[in-house]
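Peer 1: Respectively, the protein sequence lines represent chains H and U. Here the first sequence is numbered in the working numbering, starting from 3 and rising by one per residue. Here the second sequence is numbered in the working numbering, starting from 3 and rising by one per residue.
Keep in mind the hints are simulated off the structure, nothing from the lab. Mixed in with the good hints, there may be bad ones.
Repeated chains share a single entry, so a pair holds when one copy, or any two copies, can fit it.
[What the hints assert, rightly or not] Calculated cross-link-like contacts (lysine to aspartate or glutamate; reagent style EDC-like; alpha-carbon spacing at most 16 Å): (1) Lys289 x Glu132; (2) Lys22 x Glu105; (3) Lys5 x Glu106; (4) Lys5 x Glu105; (5) Lys253 x Asp315; (6) Lys318 x Asp267; (7) Lys213 x Glu15; (8) Lys5 x Glu98; (9) Lys286 x Glu300; (10) Lys188 x Asp10; (11) Lys256 x Asp267; (12) Lys209 x Asp259; (13) Lys39 x Glu312; (14) Lys256 x Glu268; (15) Lys246 x Asp58; (16) Lys320 x Glu300; (17) Lys318 x Asp259.
There are 2 protein chains.
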Amino acid sequence: MHKEILEDIGERELINRLAKFMPKNQIKDDCALIQTKNNNLLINNDSMVENVHFNDIIICPKDLGWKSVVSNISDLLSSGSKKTIGITVSLILPAETEWIWVEELYKGINKALKEYGGIILGGDCSIGNEKIISITAFGIQGEIELRRYACKPGETILTTGIHGLSKLGFLIQNKTSLNENISLKKRLVRKSIEHFCRPKIYPYFLKNLIKTRSNKKIKRIGCTDSSDGLFQAVQDLAIASECKAIMNYAKIPKHKDWPKGDKWDEYYFFGGEDYELVFSLPKKWAKNLCKLDKNISEIGYFAKGEPAIEFKDNDKNKLLKNKPFRHF
Amino acid sequence: MHKEILEDIGERELINRLAKFMPKNQIKDDCALIQTKNNNLLINNDSMVENVHFNDIIICPKDLGWKSVVSNISDLLSSGSKKTIGITVSLILPAETEWIWVEELYKGINKALKEYGGIILGGDCSIGNEKIISITAFGIQGEIELRRYACKPGETILTTGIHGLSKLGFLIQNKTSLNENISLKKRLVRKSIEHFCRPKIYPYFLKNLIKTRSNKKIKRIGCTDSSDGLFQAVQDLAIASECKAIMNYAKIPKHKDWPKGDKWDEYYFFGGEDYELVFSLPKKWAKNLCKLDKNISEIGYFAKGEPAIEFKDNDKNKLLKNKPFRHF
């Protein structure tokens, strides 16, 4: 008899199956939520596993500490957190780990907390065969709830920043042969490594959203982050909100030195770990926000229809045949 | 040059070193704390690592799920949690893990939550080389704060339940030769396996404490749980509270079939994973509580002096020379 293993199931289907054990389907959104009388608390846990998400060759411990915090705060922001309270840090480390590695990791953790707010609330450390940094971050829900399921047909799809850079940074750090006869511009190389090792987030995103809101009655908008790639983010929004995403390839913001070609499109749409916010807004609000924040671009719109992604530019639809980003 | 690795440092010293990275020294108590206007939130994270805390031979996935929840709620209770809100579950699993294993794990998790309260608030799953179950549990701080640092000279030291059983259960499940010419009673074997695989906790502990309190002005008492062994628990209290523990060997509650001998004393005091509560109370309160709850025993008292443990019975002090319970 064939025994069904996780590799057969895949990451996304696993998440769907785990959801049935939970009274609230919060595993499908970016954060869990605890309701209290005054504030709702947003909670997010992300684990970084050695040889899955990192190794000592591609990222130094200080950058890893920074990135572990940022990946968690990014999820809080993508749910509409107005303030990061703090984090707990759970480490699994092999007994032969050098103390200096731990010290550097914590320096990176505290550097990110100093930059984006929050303190270390507690933690523990166990022994194991591979390094694992598991961080739980706590934030306070702000005035607008950002949820995957809140996109609506007719709304503009937007994204912060530029995608694909983190993937390119990973490939460069990993000394993967890019197998091309092109030489990458130095500033693209530098920017990509920076995106992979020291990703940044948008702490003013919620404030700018509130500032540009055209209709104060809107308390909830559709949003997620692109930690698993831009396509996955748009697809997650489409599925959770039950509508169709129409993307406009010509409007996708790229780094000015980003090469052309199918492989580069694949890195762009499926790369992952960019920690950009992907969201949708009513047209007027979208226009106002793009005017205020030059880091934000319109990349398409939602329409009525079965949850799916389509390109406005027909010849780009072949891109959708690529497999989504997955760790297993 | 010799590079300092974690094995040289040891678990306890590592915790001390990590504490310096944290603005609040909460790593030294059982839980982290988030203060909100109405309620204070207690947070605890515990990770179970394959081949450190468990393997598939000594515990089945359903029991492992139960135990992972219980070990977390035990820490909440030992800080004075009056209600478990819920947990987040972060899994690291090898790609070849069978789905049925995951399903059974979640059944055990939900069984424990049904028994002791709380829901699954969220979670995630990543791929890794060994199984890791990392649970973060959230509770509401009750009327009495239980803290490691709050023991006072003159107070009686008490414990719930019986120690050593979980260690014996582990040895039996692991088929470790006990190297003795004695045969263990069947009911001791059964009870020990139960303690190791399906440990219980004391959800009414805080209520009983409040019910028997002789002086309503006392809002804080010294407490921890014995997840790292009874000696470690008493030592943690003595160090955090800066007083000396005098233990009364004759009063230590043992299972009636527990064999005599130095090795059995070692299992008893250093075994770990018993999840009993170890705490101190003013004499009168201690008497009242023992009368109300027959699971609770007086085992000594705190005195002024350097943080240390001593036995009232002089010939038992040799026990203290044993190394404390540690995973590395």
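Peer 1: The structure should be examined with respect to each hint, and the outcome stated for every one.
Peer 2: Hint check:
| no. | hint | result |
| --- | --- | --- |
| 1 | Lys289 x Glu132 | neither (47 Å within a copy, 48 Å between copies) |
| 2 | Lys22 x Glu105 | between (40 Å within a copy, 10 Å between copies) |
| 3 | Lys5 x Glu106 | between (42 Å within a copy, 15 Å between copies) |
| 4 | Lys5 x Glu105 | between (43 Å within a copy, 13 Å between copies) |
| 5 | Lys253 x Asp315 | within (11 Å within a copy, 81 Å between copies) |
| 6 | Lys318 x Asp267 | within (10 Å within a copy, 72 Å between copies) |
| 7 | Lys213 x Glu15 | neither (38 Å within a copy, 49 Å between copies) |
| 8 | Lys5 x Glu98 | between (35 Å within a copy, 10 Å between copies) |
| 9 | Lys286 x Glu300 | within (12 Å within a copy, 70 Å between copies) |
| 10 | Lys188 x Asp10 | neither (41 Å within a copy, 43 Å between copies) |
| 11 | Lys256 x Asp267 | within (10 Å within a copy, 68 Å between copies) |
| 12 | Lys209 x Asp259 | neither (31 Å within a copy, 66 Å between copies) |
| 13 | Lys39 x Glu312 | neither (43 Å within a copy, 47 Å between copies) |
| 14 | Lys256 x Glu268 | within (13 Å within a copy, 65 Å between copies) |
| 15 | Lys246 x Asp58 | neither (41 Å within a copy, 45 Å between copies) |
| 16 | Lys320 x Glu300 | neither (22 Å within a copy, 73 Å between copies) |
| 17 | Lys318 x Asp259 | neither (21 Å within a copy, 75 Å between copies) |
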